[in-house]
Amino acid sequence: MKKLYQTEKWIEYSLKKSESELRRRRKKVLEYERLKRRDEKRKVRVSQAYKNIQKRHGRIEIAPPSNFSLINNIEETGNFFNALNELIDDGKNIFLDLSGVEELSTDALLYILSRLEYNKIRQYKANIFGCAPSNPDCKKIMETSGFLKYVYSQNMSRIESDPDVFSIESGSYVFPQKAAGIKTFIKDKLGKAESQETKSIFKNIIECMANTKHHAYKAHATYSKWWVMGSYIKDSNKVHVTFLDNGYGIPNTIRINFREKVQRMFANVISVGRTDSLLIKSALLGEFRTRTESSYRGKGLPQIYRSAEEGKMSDLIVISRRGYVNSKKAECKELEQVFHGTLLSWNVL
Amino acid sequence: MEITINIAKDYTTTPGARFKEDGPFSGEAFRETFLEQYFVDPEDNRIVTIILDGTEGYATSFLEESFGGIARKFGKDRCLKKLNFISNEDKLLVEEIKSYIGNANE
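Order-wise, the sequence lines are chains D and Y. Using this note's numbering, the letters of the first sequence map in sequence onto residues 1078 to 1426. Using this note's numbering, the letters of the second sequence map in sequence onto residues 3 to 108.
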């Protein structure tokens, strides 16, 4: 007796079934490709909109604004970094032309390091080169900041140390000794004796480091990284501290309620009604924003904010995702571009 | 008999954050190494005096995990009875720790 699967009828049926399956799959692939092409067309190319960018010598040269500072010129500097991010994602040869920088702040240097780390995480998809600022003051800031410890440099192999600068330190964990180092630097520069105020410097740095570890990288703990730097400003006799991590950012890692979730979904679609700055402010005020749902957690940011309110630190600025909060000016604003990570900047008087 | 733990001398002058995986000198490590041994035996009524002076400072996460953590494990009342704090450098610190113990979720 002939077996069923050897019969003409069965073979014909089987062939028809295979062809139909093939057609179905081909249609699916074509539909996927069509949607992909449509999305590519719709995607706004940030790097194309950025004006200080040009293709030369087989590489893309990108220059930051002359006032290269996140805390003083967030919009222009933010646009520069978003264009840079896009170029890194594209895996281009990138030349960072800092020659035209006239004003440079340490937060911008830390954010460059954070973007280099991002490229490292992406297995060095892009080749990134660059040059130092021509302006001697800016060049000095770069040389003394310790920035060169983290990059390979041919022309600027001379790393200067400046007693007025606590050079960039970075890490993935909480390093109490490094926090103590910053505290000692501030105490020495401002001639402060050991007090509650100096202890709060140590506390706040530890809280920043711990936040990086706990909240910034909920999915990729191995990539958690922070950078910190301090610089003494003689004219105003204050120490400026900058702390940066390159995680998901406060608005993405705190607990949000249903209404806020819906609001965020709409904001992402229609680009209005964003609330990142309000979420940051709420987290700073300690309005039970911890994702762990434990009332005893999430005390780090409120502790930092309390220090600012009590005058133990001044000019506290927090930038994360699209949120910008300036505690001194009581200013909360939404940024045009996304800031990847969280930046805290403050002064100790 | 009274037991004295001087954090700066016996543990570190630079206390860290909450958990051991956060980095060195965490609150969790301090609680497990120095505090829990005096709470394991329910009959142990010795007073543990903790000297908080001499460190660079304490992050809230360290204090909460050390003392709030022990209260969650062995009860608020027992902790408040058994632990005695000395802080001459920062008078508000003792109140802060007691609030962590009082607010600990058992």
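Honestly, I wouldn't trust all of these hints.
[What the hints assert, rightly or not] Calculated cross-link-like contacts (lysine-lysine; reagent style DSS-like; alpha-carbon spacing at most 25 Å):
| no. | chain 1 | residue 1 | chain 2 | residue 2 |
| --- | --- | --- | --- | --- |
| 1 | Y | Lys11 | D | Lys1264 |
| 2 | Y | Lys22 | D | Lys1255 |
| 3 | Y | Lys75 | Y | Lys22 |
| 4 | Y | Lys93 | Y | Lys83 |
Calculated from the structure, these hints are not laboratory results.
Hints versus structure:
no.: 1; hint: Y/Lys11 with D/Lys1264; verdict: 22 Å, holds
no.: 2; hint: Y/Lys22 with D/Lys1255; verdict: 17 Å, holds
no.: 3; hint: Y/Lys75 with Y/Lys22; verdict: 17 Å, holds
no.: 4; hint: Y/Lys93 with Y/Lys83; verdict: 19 Å, holds
The structure meets every hint from the earlier list without exception.
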